Amino acid sequence: MNLDFISSGKELTFRDRLKLTMQLAWPAIVAQLSSIMMQYIDAAMVGRLGADSSASVGLVSTSLWLFWGVCSAATVGFSVQIAHRIGAADSDSARRIFRQGLTGSFLFGIIIGLIGLAIARPLPHWLGGAEEVCADSSLYFAVFVSALPMLTLNYFGSGALRAAGNMMVAGGLNVMMCILDVIFNLFLIFPTREVSLLGSDFILPGAGLGVLGAALGTVFAEIITAVSVVLYAATKEKHLAFLGKFRDKVREKSERFRDRWIPSGEVLRNAIRVATPMTLEHAVICGAQIMITIIVAPLGVFAIAANSFAVTAEALCYMPGYGIADAATTLSGQSYGAGRKELARKFGWLTVGSGMIIMGVMGVALWIWSPEVMALLTPVKEIQELGFSSLRIEAWAEPMFAASIVAYGVMVGVGDTVIPAIMNFSSIWLVRVPLAAILAGTMGLQGVWLAMCIELTFRGCIFLWRLASGAWLKHGLKTSGNKELKEADIRNIEESEEI
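Taken in order, the sequence shown gives residues 155 to 653; the numbers are from our numbering.
The set of hints was computed from the structure by calculation and includes no laboratory data.
Be careful, since some hints might not be right.
[Said to hold, decoys possible] Computed spacing ranges between beta-carbons, pair by pair: (1) T389 x I269: 28 to 38 Å; (2) T389 x T596: 57 to 67 Å; (3) I426 x G624: 41 to 51 Å.
[To be verified] Within a straight-line C-alpha distance of at most 27 Å, the following computed BS3-like cross-link-like pairs (lysine-lysine) qualify: (4) K164 x K495; (5) K164 x K535; (6) K173 x K392; (7) K628 x K495; (8) K173 x K390; (9) K392 x K495; (10) K164 x K500; (11) K173 x K500; (12) K495 x K173; (13) K164 x K628; (14) K500 x K390.
A quick note: this is a predicted structure, and the numbers were derived from the prediction, not measured.
C-beta atoms are modelled at their ideal positions from N, C-alpha and C, and glycine is treated no differently.
Put together the whole structure using the sequences plus the hints.
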């Protein structure tokens, strides 16, 4: 069973749809889980340096999510178009959009990275951080944002592979990134020391860079992965490749149609239409998360560190949801591109239901083992107790959180991003932030997490309502079906030949 069945128009039974969903979802889930394991290991390594080091990382973590998320969202406008072109059996156009997306993504990453460097020094002070953690926070943030151009290429390259249905390689390369991160951190965070392994003692060299080493280790891993993802897609993936054995074919097309690396008007307009609401939504949501950090900061260093560790621990539950959402985006996008809206609807309900079941089970596991999870992340008892009591509150919201995550992925696949983006940021700003501000004063950190639980449940409900309404199919990109796609390609070709 493969994705060619979608573009061929073949009727798919429930079993066929379930098989396709699982084929795409499990490598994406493994990749997401490996990513969260990388965060666990990072957090555990930094946690061994003490509460101040943990707080310095936790203070700017939500700000980094803002920058990462904006770059990731900006690339989706290109990858959604790639999925539509492949669904319409038009690999030439998919290949052209891939090349243009590389240029657009890299330039966008440079711009956002420069903005991040400009605010790196004052940011921890803006967030209300204590003086003893601000210097390390600024350095940690600056190192990460300096690598944003390459990280954005990684986001786009992985998204393009997923759009083509190649979850295995996209996931595998991100697993590689996690392994590299652990290896680099092992040598960069801690000083040279004696370790025991299998009954033997030996000297393990280390740079002893502390928080800076944690940032550098992740950045090095991300750069290597970005190069690997782009090279694979450009040389091996049949719907995207323009190098290697595909070079002669692409050269012929370039002479004929003057293919450009600069995004054409049609491609750029569609990319902006899809990515702009997602980018603004992510910025607004992360702004709310930064506000939550500001609400937590007066509760003390232990609360800041516990909040950061608990967020990392909770990701063990929701990362499988994001893996299924990646599969949902591919399946709904290719179905929509093939002009099969009813099939897109069926894939939507199947993926959302699967996500709710899996994340519900993960929520139960988190509730049971949250003390052990927190103990793995930090040896500080006060941080452990604050963290696991918060996690047990939020674990109840996991099924509805899954509904919002996967349904959003389904809607992104067809290019419907405006209303879902409004739903996301309205929910967090109008429900979570006010409740957190109110409850933090009486319940401390647990009040902040109770506000999160209530808001995630509400958000899941409104996404299920929109999925059931079918309105998302009416607001997708107007490029579904071969006819519209071919007309768009003709316009792009004509634009190229006029230059």
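Here is what the structure says about each hint:
1. T389 x I269: 28 to 38 Å: Hint holds: Cβ distance 33 Å, inside 28 to 38 Å.
2. T389 x T596: 57 to 67 Å: Given a distance of about 59 Å, which is inside 57 to 67 Å, the answer is holds.
3. I426 x G624: 41 to 51 Å: This hint is violated: roughly 25 Å between Cβ atoms.
4. K164 x K495: 14 Å, holds
5. K164 x K535: Since the Cα atoms of K164 and K535 sit roughly 58 Å apart, the hinted pair is violated (cutoff 27 Å).
6. K173 x K392: With Cα atoms ~22 Å apart, K173 and K392 stay inside 27 Å; holds.
7. K628 x K495: Given pair K628, K495 holds - Cα atoms ~10 Å apart, limit 27 Å.
8. K173 x K390: 25 Å, holds
9. K392 x K495: Holds. K392 to K495 sits at ~25 Å (cutoff 27 Å).
10. K164 x K500: Satisfied, since the Cα-Cα distance of roughly 15 Å is no more than 27 Å.
11. K173 x K500: 13 Å, holds
12. K495 x K173: 19 Å, holds
13. K164 x K628: 23 Å, holds
14. K500 x K390: Violated, because 31 Å separates the two Cα atoms, which is more than 27 Å.
In summary, the numbered hints that this structure violates are 3, 5, 14.
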